[in-house]
Every structure is written in structure tokens, then in C-alpha cells.
Amino acid sequence: MIDAHRPGVVPGFVLRPPTGSYHALNPSTKLVLAFAEAAVAFGVRGWTGPLVVIAIVIATATAARVGRSLVPFALAVIPLVASILLVNTFLFPGATDVIARIGPLAPTWTGLEAALQATLRVAAFALSVAVFALTTPTDDLLADLERRGLGRRGVFVIGAAIGMIPRMVERASEITDSQRARGLDTEGSRWRRIRGVVPLAAPMIIGALSEVEERTMALEARAFSAPGRRTILRPLPDSAWQRIVRWVAGLGAIILVAASVAGLLPVP
Amino acid sequence: MRDARYAYAGTSRQVLAGVDLDVEAGRVVAVVGPNEAGKSTLCLVAAGLAPIAIGGRLEGSVLLGGDETAGLAAYQAAQRCGILFQNPATQLSGTTSTVWEEIAFGPRNLGLDIGAIVERVEGAMATLDIAGLADRDPQRLSGGQAQLVALASVLALRPSLLVLDEPTSQLDPAGTRLVGDALGRFAADNGTAVLLVEHKTGLVARIADEVAVLVGGRIVEHGPTAEILGDPALAEHGVDPPPAVRIERAVAAAGRSGDLAGLDLAALEVDPIAGAPRPTGAPLPTGARA
Amino acid sequence: MSEPAILVENVAFDYPRGVRALDGIDLRIDGGERVVVVGQNGSGKSTLVRQFNGLLRPTAGSVSINGRPIGRRHVADLAREVGLAFQNPDRQIFAGTVRAEVAFGPRNLGLGETERDAAVERALATVGLAGDEATNPYDLGFSRRKLLALASILAMDTPIVILDEPTTGQDARGIERVQRIVADLSAAGRTVIAVSHDMRFVAESFERVVVMRAGRIVLDGTPAGAFAEAAWPTLASTYLEPPLAARVGARLGLGATPTEAALVGALTARATAGR
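Residue numbers (our numbering), protein chains in the order written: chain Y, 1 to 268; chain C, 1001 to 1290; chain Z, 2001 to 2275.
It should be emphasised that the hints constitute simulated quantities derived from the structure, not laboratory data. This one's a predicted model, so the numbers in the text were calculated from it and none came from an experiment. For every residue, glycine included, the Cβ atom is placed at its ideal position computed from N, Cα and C. Honestly, I wouldn't trust all of these hints.
[Claimed, not checked] Chain Z stretches covered by chain Y per the calculated footprint, using a threshold of three residues with CB under 8 Å from any CB of chain Y:
| id | stretch |
| --- | --- |
| 1 | 2049-2061 |
| 2 | 2065-2078 |
| 3 | 2083-2089 |
| 4 | 2151-2160 |
Excised from the complex, chain Y in its bound form (with noise of 0.2 Å):
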């Protein structure tokens, strides 16, 4: 049951007001921070990079209080860091300064830092992106993106796509129990698994694209293709300072890569 709303406006959990100041901010803002941020992290050479890029993430979640949500992202990183602890510490190219000699294995100081440093970079990079995704809705960067020009379809597109995933699962596990249950053999030896390629594939196919039509029908018949722009339920502020912001962020970040790619950005 919703909680009572006043009827003449649009509901609350339609609206969804943002919970914060760095929330509230233009969704394009804060993809163009995370896109500076990522940019930098891997495109300046250096600890200073990716060291600056994830004090000023941290920064940033502490005060959008999404911190403690960083947890999970940082995690899910962990086994990719691990590979590459291993494989640069252990086996970097050329190295000498051997740390210690365990049997076969030959870690190096140089492989070490290098390892370090990448990790900082994919931690850093990680992070940036993760506080972008938990503090903007989907929602609001592709209304925000369509009112910039994506347009009503390449909006559809990309929620209808995020959308479909689970029912293509969903299809694809009631075709093979169809067609398990006629014989086909999913459990056997290899050979008879790709027979059953066709038989899975084929209605999968199929099914997807007669529903492209009956969507197409139903997108149609609630005016889908109306010209001019679709009316925008939640207001998404911008404003001169945000602009500015996105510009000094964009080319600051393009002209410190490109400073340290070139050598003249004499950082650690």
C-alpha cells in the first residue's frame, strides 16, 4: 500500500529527491568526474596519480556518505589485484634486484613496485567508478543524456537492453527444458551437448525476435514515436558553476595526461 500522497502531483517515490549534495549534483557532472578521475589515475605516470585520484574519491564518498557502500566495489577487486601482485612481482620483465631467491622463484623490488603501483590504479579507478554508480541513479544519467541529445530511442535502447537480461534467462532455461525433456541430452558426453546447439539456439532466436515485434507494436501504440522531446518528470539542476566545473575537470585531466605521456610533469 502506498503511503498517502497528495493526487494533483507526482508522487514522492516517483520523484525520488536525492539524499545528499554531492547526489544532487547534474548526473553529467558526475560522470565527467569519474571519467577525470579514471584518466588521470591511469594516465599519469607515477604513484602521485592514482594516490591523489583516491584520496580525493575517498573524499568524496565520506562526504556523499557512501563510504561504508565502497566496501563491496574494493572487494570485487581484490582477485584481479592479486594477479597482478603476483604475475609483476614475480615476473616482471628484466628485472634484477631479486628480494629473495624461494626455490624457482625470483620476486624483484622493481616487479614489486610496479605491481603496487598498478594496484593503486585499478583500485583508484574502481572507486571512482563505484561512487559514481552510488550516487546516480540510472535513471536520471539516461533522462539527463536524453535531454543532451541521446534521444528517446538510444535511451529505450540501453534500459530495454539492461532490462531484457533476466528474460533471456529466463527463455533460454525454459528452452532447454523443453527441449531436454524431448531427449535432448545436456548432461552426456561432449558431442551430444553441441547437437544440441540448433535446438537451443533456433527458438531462442526466434523468440527474441518476434517479441522486437510485439514490443515494437506496444512501443508504437503508446506513441513512442511522437516528435519533439519527452516530458521529464524529475527536474535534473544545472547550473553555470557545474559547467565550469565539468570543463576544468575534462581538459584539466586531458592536459595532465598528456603532460606525464610527454615527461614534462615532474611528479614521484
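For chain Y, the structure is supplied; the task is to place chains C and Z on it using the hints.
Relative to chain Y, chains C and Z alone:
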């Protein structure tokens, strides 16, 4: 429609072979017939989707609100005629997180201002009595509920004609009851013209004013509901008469008609069972299948 | 007493996300019975019948087919004994011709060419698609595709045949044909199990009705028993309603009359007795 003939794109067979049919404001016209008679095609042609959205060859005249459908753009046809299909899942946009936004999808597409959108969404929800679903996730509704949301999202465009292509055929009994009751109320209260294609002749008997029988792309019978559904020749067209009619006939054949005197079979059919829960039930648990 | 065709003993089934779809199911179906399982979506009826051919395995309890527990037998192996015709034909049709589609099952079972052709012809004749062997399945309308899907199971000649919502999407002729097929299968000694929410089909074609709600069996009896007035509250609790014939019979005080034929019979009997 006058002498409407239609063939799908890339085929030569005329699925509709000359249909004359009028649906007037406030009337519910039901179309029955065997499968593959062209009933779904009739719906698409009536709504203008054929040929506007799916191509194909249309001959004859199909007027929606006075204008030939062939000359309309899809979004214009959508505002004159709403259409509901059998499968609720493919009619939900899949891009909204609440029912309210799903119903607002159409009005938003037209670029209406916020006040008008709110009015239309609330109006559509009130008409179908689904205001209680407003904040729910459209993908987590029962079949009947989803079908009502799809219907509301079409009604939000305020069409003057509503076409329903077997709206209950993929629903379970609870969903059928939910949608059938909503349609009954809608038909009674509204000035909208309704074209309903249905197999469940019991439902047709309850809500339709007229019935047309479509066989092989042509209308072979058309008249008031009771007359057409009571016609013994109906079965020859591959259509099952409503349960009430079947029982009356079977009893009459055994010479016991008097025993049914005073019984309103049609009313008895939908008599609520004491203690039956209302079918606007809780959502299905995730992962559950029937 | 011979082994039951299907024996379900204290079966529970939980979906991976923890939803309990079946709870303490005990069911015995003997060879040759015609049983239909009814209940609203979510009651567990489709989950239950998928336990019979191994598509789903019980989380607890056991299922035995013809006296043998299913254990770890592959679905493809159980398909020799249990045929399951699904509700949506478009989720299985993949071949370019009707004939190839129907031959898929028998081919998987390893039938030789002559046997296979004979099985396909018989199955097509049974569902009324005999003249359409070379037709593309998608040139058939939906209801005939559904009959095609049914034929593809019939061609496997399994002793147990399960039909999942066979009448949904069918017109009057299609429903009649399904009813005839059920009767013919039963006459040939096969065990027929269906899942359906068409109450008239349930009352007319089956001798046993199993009503499910929330993963449990709440009623198991003849159609007369299941649609008798005393059972209506149980039916209503799972959003089912008795067919009109049963309501009329109850209103006229005739006892249980689940079908038109029963109603007419009861009226005639009462009139004769009254004389």
C-alpha cells in the same frame, strides 16, 4: 471499417477478406471465431498498427475518428485507439521502476506538461482501480495485475476506441477474474468504444453489446449478444457458446427445462464464492514458477 | 498391487533463492489414471510435474517412476518414460518442417528410421496435422503449433504423458481435439497427467483432481468431490471457481454435478424418481 482487406508484408494471402464493421462510442463489440480466422489481424487493422507500424497491404476503408488510418502517423493513431495484447510481459516497457511511471510513459512520449500527465495517470489508475499498485515494480506483478497496468498505460492516452486482443487468454483464473471485472466496469461506465476479441464467450456474454463472428477473414454473423451467442449455428463456426447457453441447451434436450426456471445462469456463473479472497493478491515470490 | 506409475514421497522443493515451492507432497498415481493438477500460478503445480521427469530434483523426499526412484537419472533418460508437453510451443520449435520437429524426440530416443517415421505419422494423425508434414511450423497458427508440440511428445510413445496447460490459447475445436487425445491416451493404457486452469476441461476429461495451494496439496479427489459445494471454499482459497454445471447442481440441491452431463443425468434421475 468498410470492405477492409489486408495482407501482411511479404505475403499474398488476404487475411482479412472484406470486413465491414462499426464500433460506436459507448458500445462494446465482441468478435469471436475460430483461431486463424483473422481476429488478431482485425485488431491490428482497427488500431491502425497495420499498416502504419508493421507494413502490409491494406485495401478498403478503415476510419479512426473520421480519418483513414493509412494517412495517420503511429502516434496519432495511438491517441485515437488503444490496443491491448495477450501477453502482459511484452507490453510493459521494461524501463520503468514504478507502475506510476509505466502509465506515464505514453503521455510523456507526447510531451504533455506535468500537470496533464499527473491527471491522466491518476485518471487511468482510478478507472481500473489500481491506485494501490502505483509504487510497485511493474516486472514483479501477477499476470492479471500486469495486464491492468498495460491497459492503464494505453488508457492514459485517452483514446476514444479500445481494442482488446484476447486480453485474458494467458492469465490464470485469478487474473482472468481481475481483468474481466475491470473490463466489465469500464465498459459500463465509459463512453469509450470497445472492440473485444475473446474466446471466453462467458465473458463476452457479460460485457458485450454486440457480437460479430469472424470466419476466414470475413464477418459471417453480426448482431445483439444474446441473439448471436444463443444461435445454435454458432458451434458450426467453431465457437463455443457460453456455459449458460450450453447448459440450457443440454437440459432442454433432456426435456427438463422447467427445472431451470427462475435461475439466472449468467449471474450464477460469476456469483462470488463466500470467503473468496480478492484477486489483487501479493506479488509472486522471486524465482517462483507456477 | 503393481508399482505405481508415479510415487511422490514427502517431497519438498526450494528454489535457489530460498523460495519453498513444494512442501511435504505425498502423491501416488497409478498406471492408466487421468489426473489433473490445478491451482493458481505460484501454487507449485508446474514445479510438481517437473519433478516427474527430472527437470527439477526434490530438495527433500523422493520421486519414483514405475517403481524406480529417479535418483540421478538424466532427464534425457527419463524422457523415455515420461513425456512432458510444455505450455508455450514457441519455446521449443526449431525445425524447418513439421515432420522434422516431431521426429526430434524419437530420434533422441534412438529409434531406427522406420520406427521413427511410423511414430511421427501416428502422432501427426492424432493431432490432426497429417497433411502438413512439410509445412514450416511458423506457417501454422499458434493453436496448431501447440498441437505440433504435443505431437512431438506423443511420438515418443511414453507410458506417462504430462500436458502443461494444453488448452490455453486453443479455440473450441482445438480444445475438443485435446479432450479426444486425452481420452485416447487413457484408453491405450497410458497415464495422463495435466496441469490446467480450464475448469470445464478439468471436470470433463479427468477422473482425479489434485488441488494445490502454496506448495501443498489441499484436495485430492474425483471431479465430483472437488467441485462439490463443500469443497468450494478450498477452491476459492486458491482462486479457483467451480464450473457452472456444479453451481447449478448445488443451487438445485442435486448433489455434485461437475459436468453438464452429470447435471442433466441428475435432473433426469430426480424426475424419474419423483414419478
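Tested hints:
no. : hint      : result
1   : 2049-2061 : holds (count 3)
2   : 2065-2078 : holds (count 3)
3   : 2083-2089 : holds (count 4)
4   : 2151-2160 : holds (count 3)
Of the numbered hints given earlier, the model fails none.
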